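J.: The primary structure of each chain is shown beneath.
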Amino acid sequence: MNPREVPLIFEESVPGRVATRFPDPDVPVVPLEEIIPKDYLRERPPEFPEVSEPEVVRHFTWLSRRNYAVDLGFYPLGSCTMKYNPKINEDAARLPGFSRLHPYAPEELAQGALRLMWELEQLLCEISGMDRVTFQPAAGAHGELTALMMIRAALEDRGERRTKVVVPDSAHGTNPASAAMCGYQVVVVRSDDRGNVDIQHLRQVMDEQVAAFMLTNPNTLGLFEEHILEIEEIVHGYGAFLYLDGANLNAMLGITRPGDQGFDVMHFNLHKTFSTPHGGGGPGAGPVGVKNVLAPYLPVPTVEREGERFYLNYNRPKTIGKIRAFYGNFAVLVRAYAYIRALGGEGLRQVAETAVLNANYLLTLLRPYFDLPYNRLCKHEFVLSGRRQKKEYGVTTRDMAKRLLDYGYHAPTIYFPLIVEEAIMIEPTETETRKTLDAFAEAMRRIAEEAATNPELVRSAPHTTPVKRLDEVQAARNPNLRWRPT
Amino acid sequence: MPVQYIPVTEEERQEMLRVIGVDSIEALFADIPPAVRLKRPLNIEPPLSDLELWALLRGLADQNGHCDRYTCFLGAGAYDHYVPSVVWHLASRGEFLTAYTPYQAEIMQGELQAIYEYQTLLCELLAMDVANASMYDGASALAEATVMARDLTRRNRILVSRAVHPEYRQVIQTYTRHLGMEIVEVPLQEGVTDLDVARDLLSEQVAALVLQIPNFFGCIEDGQTASDLAHRHGALLVVGIGEPLAMGILRPPGEYGADIVAGEGQPLGNHLNFGGPYLGMMATRQEYVRRIPGRLVGATVDVEGRKGFVLTLQTREQHIRREKATSNICTNESLNALAAAIYMVALGKQGIQKVAELNLRKAHYAKTRIREIQGFSLAFRTPTFHEFVVRCPLPPEELNRRLLPHGIIGGLPLGRFYPELADGWLLCVTEARSRDEIDRFVDLVKEVAA
Amino acid sequence: MYPEELRYSTEHEWARLENGRVRVGITKFAADRLSDVVFVELPPVGTEVQFMQPFGVVESVKAVSDLYAPVSGKVVEVNEALKDHPEILNQDPYGEGWLVVIEPTDLSELQKLLGRDEYLKLIGEA
Numbered sequence: 001m002n003p004r005e006v007p008l009i010f011e012e013s014v015p016g017r018v019a020t021r022f023p024d025p026d027v028p029v030v031p032l033e034e035i036i037p038k039d040y041l042r043e044r045p046p047e048f049p050e051v052s053e054p055e056v057v058r059h060f061t062w063l064s065r066r067n068y069a070v071d072l073g074f075y076p077l078g079s080c081t082m083k084y085n086p087k088i089n090e091d092a093a094r095l096p097g098f099s100r101l102h103p104y105a106p107e108e109l110a111q112g113a114l115r116l117m118w119e120l121e122q123l124l125c126e127i128s129g130m131d132r133v134t135f136q137p138a139a140g141a142h143g144e145l146t147a148l149m150m151i152r153a154a155l156e157d158r159g160e161r162r163t164k165v166v167v168p169d170s171a172h173g174t175n176p177a178s179a180a181m182c183g184y185q186v187v188v189v190r191s192d193d194r195g196n197v198d199i200q201h202l203r204q205v206m207d208e209q210v211a212a213f214m215l216t217n218p219n220t221l222g223l224f225e226e227h228i229l230e231i232e233e234i235v236h237g238y239g240a241f242l243y244l245d246g247a248n249l250n251a252m253l254g255i256t257r258p259g260d261q262g263f264d265v266m267h268f269n270l271h272k273t274f275s276t277p278h279g280g281g282g283p284g285a286g287p288v289g290v291k292n293v294l295a296p297y298l299p300v301p302t303v304e305r306e307g308e309r310f311y312l313n314y315n316r317p318k319t320i321g322k323i324r325a326f327y328g329n330f331a332v333l334v335r336a337y338a339y340i341r342a343l344g345g346e347g348l349r350q351v352a353e354t355a356v357l358n359a360n361y362l363l364t365l366l367r368p369y370f371d372l373p374y375n376r377l378c379k380h381e382f383v384l385s386g387r388r389q390k391k392e393y394g395v396t397t398r399d400m401a402k403r404l405l406d407y408g409y410h411a412p413t414i415y416f417p418l419i420v421e422e423a424i425m426i427e428p429t430e431t432e433t434r435k436t437l438d439a440f441a442e443a444m445r446r447i448a449e450e451a452a453t454n455p456e457l458v459r460s461a462p463h464t465t466p467v468k469r470l471d472e473v474q475a476a477r478n479p480n481l482r483w484r485p486t
Numbered sequence: 001m002p003v004q005y006i007p008v009t010e011e012e013r014q015e016m017l018r019v020i021g022v023d024s025i026e027a028l029f030a031d032i033p034p035a036v037r038l039k040r041p042l043n044i045e046p047p048l049s050d051l052e053l054w055a056l057l058r059g060l061a062d063q064n065g066h067c068d069r070y071t072c073f074l075g076a077g078a079y080d081h082y083v084p085s086v087v088w089h090l091a092s093r094g095e096f097l098t099a100y101t102p103y104q105a106e107i108m109q110g111e112l113q114a115i116y117e118y119q120t121l122l123c124e125l126l127a128m129d130v131a132n133a134s135m136y137d138g139a140s141a142l143a144e145a146t147v148m149a150r151d152l153t154r155r156n157r158i159l160v161s162r163a164v165h166p167e168y169r170q171v172i173q174t175y176t177r178h179l180g181m182e183i184v185e186v187p188l189q190e191g192v193t194d195l196d197v198a199r200d201l202l203s204e205q206v207a208a209l210v211l212q213i214p215n216f217f218g219c220i221e222d223g224q225t226a227s228d229l230a231h232r233h234g235a236l237l238v239v240g241i242g243e244p245l246a247m248g249i250l251r252p253p254g255e256y257g258a259d260i261v262a263g264e265g266q267p268l269g270n271h272l273n274f275g276g277p278y279l280g281m282m283a284t285r286q287e288y289v290r291r292i293p294g295r296l297v298g299a300t301v302d303v304e305g306r307k308g309f310v311l312t313l314q315t316r317e318q319h320i321r322r323e324k325a326t327s328n329i330c331t332n333e334s335l336n337a338l339a340a341a342i343y344m345v346a347l348g349k350q351g352i353q354k355v356a357e358l359n360l361r362k363a364h365y366a367k368t369r370i371r372e373i374q375g376f377s378l379a380f381r382t383p384t385f386h387e388f389v390v391r392c393p394l395p396p397e398e399l400n401r402r403l404l405p406h407g408i409i410g411g412l413p414l415g416r417f418y419p420e421l422a423d424g425w426l427l428c429v430t431e432a433r434s435r436d437e438i439d440r441f442v443d444l445v446k447e448v449a450a
Numbered sequence: 001m002y003p004e005e006l007r008y009s010t011e012h013e014w015a016r017l018e019n020g021r022v023r024v025g026i027t028k029f030a031a032d033r034l035s036d037v038v039f040v041e042l043p044p045v046g047t048e049v050q051f052m053q054p055f056g057v058v059e060s061v062k063a064v065s066d067l068y069a070p071v072s073g074k075v076v077e078v079n080e081a082l083k084d085h086p087e088i089l090n091q092d093p094y095g096e097g098w099l100v101v102i103e104p105t106d107l108s109e110l111q112k113l114l115g116r117d118e119y120l121k122l123i124g125e126a
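Chains as they are written, first to last, in this note's numbering: chain U, 1 to 486; chain E, 1 to 450; chain F, 1 to 126.
For the record, the hints were derived by calculation from the structure and aren't laboratory data.
None of the values given here were measured: they were computed from a predicted structure.
Note that CB positions come from ideal geometry on N, CA and C, so glycine has one too.
Accuracy of the hints is not assured; some may be wrong.
With a Cα cut of at most 20 Å, we get these calculated EDC-like pairs of lysine to aspartate or glutamate [what the hints assert, rightly or not]:
no.	chain 1	residue 1	chain 2	residue 2
1	F	K62	U	E472
2	U	K435	E	E10
3	F	K62	U	E421
Okay, the calculated beta carbon distance ranges per label pair [to be verified]:
no.	chain 1	residue 1	chain 2	residue 2	range
4	U	G73	F	A63	28 to 38 Å
5	F	E87	U	D157	26 to 36 Å
6	F	I123	U	G73	55 to 65 Å
Stretch-level coverage of chain E by chain U, calculated; a stretch enters the list once three of its residues show a Cβ under 8 Å from a Cβ in chain U [stated by the list, open to error]:
no.	segment
7	59-73
8	98-105
Please model the complete structure; the sequences and the hints are all you need to start from.
T.: Put into structure tokens, the structure is as follows:
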């Protein structure tokens, strides 16, 4: 893959070209100044490029060819669950009944949409063991913030003003960032040498000032928290809430439910577990599920059913309010709903089983060549370390990740979680063939070999991509964030 | 049962288990305490074939009264605009759709360049220096803008016009509640922010004055005066946007000194989608770039001097700065930003002016016709873009009910958000409405109100 | 690499007494570990800083470090050159790459900092 360099669209502009034709006004044309004072009018139009329709199409099509995607190949980006995104879901989301529906349309015109949301809530409750779900959060981090706000409201309702949120040292960066946005101080709890939360340390950091413990399970090492029941006891013992970062729910579908593990609240990443496409960084959807104890604080509106009628309920006196306009990333919900209905309960369990099977299989193939800091059965993903290659050959994890691009793969997540030196975090997902896993393992083996025999080849990778390593230092020292005419 | 999205066969499964060295799938879950295992199948209906699934989804979609079946005069933060065919043909390409955040820049130059172009286009539209790669939606973007203003000024009070979209104001309240910030609402005069009151409320404690232009009633605020007022007190001017297309004809916020612009980019090529996903836009001045939340794409060169693009200034973000990050945002609305970029390119320099003018003229025409109907009047004298408020002789909810059987989705009854405007009807007329549709609408209003 | 006459903090700042004022920078170890510095955020002249409390930030592409004041007092000079040329911090951490000059309120705080040998031990280069 080495598609040609694509000029900026601004560089293609030729005065007079158009790509969209609008009609002349079919209403009487009065002087603009009669409608709007001259002071309010724009003097100079925005410098949008002037190009024809075929040029627009070729420009963005060529850009797309300079992109890697799940539709092209294996994308083992740990913690991101880059599974296949079914095409029928795309067609469904684009049905005019969904895509052309106005959010303030009268409720009687939105019954299909509301029913879909209501049913999806039931489905997510059954999958998670939670009692209610809000669809408003647009992403996982948005869900975290929403959940922490509900926790804070519930505690204030009890007359408590707690000040701290505990997160493990292996947590996603969004966890502490969300806690801070909710006005909480962040306390970090260590992991033990099996990759679990260090229970002794958790006991030390917990006190009556802790509002919540935010835990990812399986955690970001891809390991199930073996002491989940003990954690639940400790956290609830201090009257704090137990929060699940649901990023890794894929491994749990139909196997175990967060609600049964003692979690009070969680977010789902529909764009991970439930197959909605990542879109180059979004949109996703981060619905939050709660046990009844937190349900009064859900954002408004919730979707309710009365007989065969569905409606939006704004009458929730204890609500935290709204965290975005309207009701959520609805078109993403359509895709997730389609996915769950396509698979059914049985299919969802197969998703979890196969995701875990694929991860353990790949781990088994790679174990001889890389360090494995936590040598256990993994769940949906696992974390290797490139410290051996770094120490012995001066080849870093970043180098090996870049070399993988030459082999035609997206790189795994690297340097995360922070507790693993030279971390390589691999999540194959359930939608890959055994052949793909074998080929990827072979590429990794060869890279490990190259690190020993020809380290410079790896250090200077990638060699076959549209561009080579980019100067990030220059980009950050002298930010060039927009094109300007020369 | 084979699942269409899972390739592994039973034979392969057995072989893979053998390689792993366990005798069953069950063994792979041995670390999960039995007490928390689900000991029954999920209570979800059996899997659907593709044909059954399609019938189900189409059935649900068909229950909805969408803007191809009804003639829509409803706006209020979500706008029915014409979307050129190229926009989603291109944005839906699998190479864009099924990619992750462009962390591996060498194989993601397409996405990165597209976002760089989006940032440029948005800066041009708003006359700002820097735009980020997107936020969730207009409301949350505006809320984050108030937090950014707090960080920049180290002041805690935010003045927010009551003519900012009511849902945006609710979101600002929710976002700032636990950050020691104080939100003070500025009242209205003739459908726009009362700047005399704003003048009295401004002080050395105020971080920002927040207006929406055009505002929730479609009225055009006096951005220049607001800007001068805010800056005189060392406060920032934050401009909220509900309808970016207006900037094709209106003076853009950068030209009257806006410090942060944040709002909704849905009208830029994104569908109504029953409220989402939309596109949170955020832009600021060059000197504030290190305080902007969200991702930024920057231009640079590779080791061989070739032009390229990377995610940059990432130390602002949660994955590096964690609790000290400018925001917790990670996943954003990149695909919607891509669609917006394609839309802006497809419109071009001429199209953006033309579409803005069409909106303005058609709404103006509808406005002049409606106010001629007996009992109807315009609520405000202030100039408007493509929305305006009409005072009605009967409850607007009732009007909407009577119009619906004629295939018309009427405007937003304002009583829900503004009790003093219980007879207020917020109408929207975009370029997608023809003169015939407007005339028919006016005639029907006359008829059903009589 | 680690001048004898400087005092060192456990957070990798150095302090140099100059006519009753204290010039502050970061050590070679810190500069190397950050790799290419891309941005330095320093407080304006006149800011009061507290002993071993953060007073600024130094950033590389993928890391951020708080800067800690090795002595309490008032900032009287700021190295403006770093604004446009943060790379000086990597090139000359003890010279042109200084950060601020502090008018100290309690010079005895310098005694709580590490000497060269102790600092070398801290960074494992003793």
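J.: Next, verify each hint and record whether it holds.
T.: Checked hints:
Restraint check for F:K62 and U:E472: satisfied, since their Cα atoms lie roughly 10 Å apart, inside the 20 Å limit. Restraint check for U:K435 and E:E10: satisfied, since their Cα atoms lie roughly 15 Å apart, inside the 20 Å limit. At most 20 Å may separate the alpha-carbon atoms for a hinted pair to count; F:K62 and U:E421 meet this at roughly 15 Å. Against the hinted window of 28 to 38 Å, the Cβ-Cβ separation of U:G73 and F:A63 comes to about 31 Å, which satisfies the hint.
The hinted range of 26 to 36 Å is not satisfied by F:E87 and U:D157, whose Cβ atoms lie roughly 53 Å apart. One distance hint, 55 to 65 Å for the beta-carbon pair F:I123 and U:G73, is violated here, with the actual separation near 44 Å. Coverage of a stretch by a chain is defined here by at least three residues with a beta carbon nearer than 8 Å to that chain's beta carbons; for the segment 59-73 of chain E and chain U the count is 13, and the condition holds. Only residues whose C-beta sits within less than 8 Å of a C-beta in chain U count toward coverage, and the segment 98-105 of chain E has 8 of them, enough to reach three; the restraint holds.
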